[in-house]
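Student: This is what each chain is made of:
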Amino acid sequence: MAMPYEVQTPIYEGPFDLLLHLILREQVDLYEISLARIVDAYLVEIEKMDELDLDVTTEFLLIAATLVELKCKRLLPEDADIDLDDEFALWEERDLLIARLLDCKTFKDAAQVLGFLFDTAVLSAPRRAGLDERFMEIAPDLLVGIDLQDIKSAYLRAMTPRPKPVVSIDHIHNVRVSVTEACEELIDELPRMGRVTFRRLTESLVERLEIVVRFLAVLELFKQGYVELDQPRAFGDIEIIWVGSPTFDPADLAGVDSYEG
Amino acid sequence: MSVEMKRALEAIVMVADSPLESEMLAEITELGVDKVDALLTELAAEYAAQVRGFQLVRVAGGWRYQSHPDQSPYVERFVLDGQSAKLSAAALETLAIVAYKQPISRAQIAAIRGVSVDGVVRTIEQRGYIGEVARDPGPGQAVLFGTTPAFLERMGIDSLSDLPAIADFVPGADVVEALEHGLRVEVVIDPTLAGSETSADDRPSLGDLLDGDQSA
Amino acid sequence: MSVEMKRALEAIVMVADSPLESEMLAEITELGVDKVDALLTELAAEYAAQVRGFQLVRVAGGWRYQSHPDQSPYVERFVLDGQSAKLSAAALETLAIVAYKQPISRAQIAAIRGVSVDGVVRTIEQRGYIGEVARDPGPGQAVLFGTTPAFLERMGIDSLSDLPAIADFVPGADVVEALEHGLRVEVVIDPTLAGSETSADDRPSLGDLLDGDQSA
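Note that the protein sequences, when read in sequence, are chains A, B and C. Start counting the first sequence at 1; every next residue gets the next number (full-length UniProt numbering). Start counting the second sequence at 1; every next residue gets the next number (full-length UniProt numbering). Start counting the third sequence at 1; every next residue gets the next number (full-length UniProt numbering).
One thing to keep in mind: the hints can contain errors.
One side only, chain C facing chain A, incomplete, derived with CB under 7 Å [what the hints assert, rightly or not]:
id	residue
1	Ala96
2	Ala99
3	Tyr100
Calculated from the model, a selection of chain B residues having no Cβ within reach of chain C, i.e. all distances over 10 Å [as the list claims (entries may be wrong)]:
id	residue
4	Ala8
5	Glu10
6	Ala16
7	Gly32
8	Gln66
9	Gln108
10	Ala111
11	Ala142
12	Leu144
13	Ser161
14	Asp162
15	Pro164
16	Ile166
17	Val175
18	His181
Think of the hints as simulated: they come from the structure by calculation, not from any bench. Idealized CB from N, CA, C, for every residue including glycine.
Here chain A stands alone, though its shape is the one from the complex:
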C-alpha cells in the first residue's frame, strides 16, 4: 500500500531539527521519502517567517544539496570508472553531516536539563530587600566622582537606539548558482532540445554544486508540470522531456525564489 509520507514540523527549528526529527523520531529512511516533500515542508516553514532568514535558507540549501547528492549516488547509473576521490568526498560530507546532527542532539538533550533546573529554580524567589534604612546613612555615597556631565552622557547612552541586528551574508558571496537561475537556463534550453538526458544536460558543468542545483531545478520544473521525467531502466539515464509551451516566459514560474541562496 503506497502511503505518501507527510512531513510534519509543528515546532520546526531549522534543518537539523527537521532531519533529526525525520531520522530519529519518525525512523524514516531518507532515501525512501521524497526530497520534494521535505523541501515543501521546509518552504512552508520559511513562509511562516516574517522575514526571509538567509542563514536558515542557505543552511537548508546546503543540507538539501548534500541529501540530493547522496540520493543521486543511488539513482544515477553507475560508472565503471567512478572517481574514488569523489566517492570519499561524499563519505566525508555525510560523516560531517552526521557529526553536526549528533552535536545538535547532544545540546538539545542538555537543554532539557537546563529547562528542568530553571523550572525548579523559579519556585524559589530570592530575598532582595537589602539594607534597613538605619544603615542607609552609613552606606557609601554611590555618586562619588559622578558629575552632571556623567549624568548627561549616561542619558545619551541610554537613549541612543540600539544597533539593529544585521544578517551577515558574507558567507554566501561565492555561491554562484541559484535554483531560480538554473530553472531559467533550463527553460531556455529544454524547449529546443525536446528530450534530453540529465547526463547530457550537466556534462558541461564542473562544480558539483552546480549539478546538484540543476537537479533541484529539474525537480522544480517537474513539480510545476513543465517537464516529464523518464527513467526507462533502473540506473539508466534520466530523460527529461519538455511538455510546457514552446514559448515559455520564465516570469510565469511560481515559487522558486525561496531556494535562492
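Let chain A serve as the given structure and place chains B and C on it in line with the hints.
Tutor: What follows is chains B and C alone, placed relative to chain A:
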C-alpha cells in the same frame, strides 16, 4: 561562640540583596572560609529541620535566603517581576551551548544549532544570562560569549560544575546507527558493470523519489 | 494548618522588598487580618526564642525581616566594606533617564533600557536619589518616579532646569515608542518630593519627553 557567629552570618545575609560569597563573609566575621561555609550549612539544616517557609542556599557562588519552593503558589501571587517568564526551547538550547562551550562566538553557536541565532542570543544577553567574556583574537574579532552569575542564580546552581557533564548527553550508539542508516551512502561498485535486475528492488525508483510514495 | 500558613507567611515576607501590610498578607493567604497578625507574632517569638540573628518586626504599618540590632557591628562592617561602592553603569543610566524624563514609570524605563530594571530602580531609590512623585492615573496606578531634593543637592544644582541641555538629540524610535506607551499628560506631581522651588512649569513638558529635547 559558634552561636554568636551564626547570628552574625544570619544578620549579614539577611540584609544582602544578592548572593554573598563565603570569602566576603569570612572577611567581615574574621572567620575562615571553611568555617563560614560550615556554619551556614548548619543554619540551612536548622531551617530545614524547623520546616521554615524560607531556605538558606548556596547559589551562583554565594549564600542567600529564598522562599521555599513548596510555597511558590503564595509567592507567585505576590512577586510578579517577570523573572519567572518561561525560556523558549531555542533559548534553553542556546544557553546550554554557551554554558558548555564557553567562550563561544555567535557563528559557532549557529553552526551547532543549524539556524541563525542572532535573535535568541540577543534575548538571553538582554536578560543578563550571557555576556561578552572575550574577543576572538582572529580577524573580525568576533565577540565570545560566556554565562554570567545571573545565569547560575536563575538556574539555582552554585557553579558551572553543578551541571551534569556534557558527556552524559552524547548520543548513544543506537542514535549514531540510526543516523548512519538514515543517511547511508550505498554505492556498489560492480566490476561487471551495472544493470542487474536483481538489485533493482532495493533501490528507490525515480517515481519514489519524486512523489514520496513508499511501498513498504 | 497553622504551621502551613506560617510557612506561607514566612516565604512571602522573606521575598518582599518593603514592609508588607497585614491586609495584603491576609488577601494573599485568604486568612483574616487578625489571624495573620497572630501567626506573625508567633513567628517573631519563635525567632526570638531561638536567638536568631534576624528579627520579624512590624514597622511602618507592615511586617518585615531585618537584622537583629545586636548584630549591627557586623552589618555596619558589611555596609562600609562597600560591596557595591560604585554605581553600576546600568544604575547610572537609569538614574539619568529618571532625571531627564521624570515622572516616569518602571515599565517605561524598562522599555527604554530593554531589560528589567526592578533591581537598579530599587537600589537608587533606597539610596534616596529617586522617589515616587506620582501615580499613573491609568489602570494599574503605576508608580511614577522622579529625582529627590537629595539628588539635586548631591549634584550641586538648584533645579532640574540646571541639568545640562540635550540639544539636537533625537532618541531612537524604540525609545519614543516606549515613552508614548502609557504616558499620561495629566500627571499630578507631588510638590513636596519634586525638590525645587521652581514650579511644575520648569519640568519637562510632554513635548520634551517625546522628542528628548531638553532645552532649558
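Student: None of the hints should be skipped; say for each whether it holds.
Tutor: Consistency of the hints with the structure:
1. Satisfaction of the interface hint for C/Ala96 is found here, the shortest Cβ-Cβ separation to chain A being roughly 4 Å, below the 7 Å cut-off.
2. At its closest, the beta carbon of C/Ala99 sits 6 Å from a beta carbon of chain A; the interface hint therefore holds under the 7 Å criterion.
3. This hint holds: C/Tyr100 has a C-beta 5 Å from the nearest C-beta of chain A, less than the 7 Å allowed.
4. Some Cβ of chain C comes within 10 Å of the Cβ of B/Ala8; the nearest lies about 4 Å off, and the non-interface call is violated.
5. With a least beta-carbon separation of about 3 Å from chain C, B/Glu10 fails to lie farther than 10 Å from that chain, contradicting its non-interface assignment.
6. For B/Ala16, the condition that its CB be more than 10 Å from all CB atoms of chain C is violated, with the nearest at approximately 8 Å.
7. Listed as a non-interface residue, B/Gly32 keeps its Cβ farther than 10 Å from every Cβ of chain C; the least gap is roughly 16 Å.
8. With 10 Å as the threshold on Cβ separation, the claim that B/Gln66 sits away from chain C is violated: the shortest Cβ distance comes to roughly 7 Å.
9. At roughly 25 Å from the closest C-beta of chain C, the C-beta of B/Gln108 stays outside 10 Å, upholding its exclusion from the interface.
10. Look at B/Ala111: its CB is around 27 Å from the nearest CB on chain C, clear of 10 Å, so calling it non-interface holds up.
11. With a minimum CB-CB distance of about 22 Å to chain C, B/Ala142 clears the 10 Å threshold, and the non-interface call stands.
12. The beta carbon of B/Leu144 is kept farther than 10 Å from every beta carbon of chain C, the shortest such distance being approximately 20 Å.
13. With a cut of 10 Å on Cβ distances, B/Ser161 stays outside the contact zone with chain C, its closest approach being about 25 Å.
14. Distance check on B/Asp162: its Cβ is at least 23 Å (rounded) from any Cβ of chain C, clearing the 10 Å threshold; non-interface status holds.
15. With a least beta-carbon separation of about 29 Å from chain C, B/Pro164 lies farther than 10 Å from that chain, consistent with its non-interface assignment.
16. At the 10 Å boundary, the C-beta of B/Ile166 stays outside the reach of chain C, the nearest C-beta of that chain being 29 Å off.
17. Listed as outside the interface, B/Val175 is consistent with that label: its C-beta sits roughly 39 Å from the nearest C-beta of chain C, beyond the 10 Å cut-off.
18. With a least CB separation of 47 Å from chain C, B/His181 remains clear of the 10 Å interface cut-off, as annotated.
Violated hints for the displayed structure, listed by number in ascending order: 4, 5, 6 and 8.
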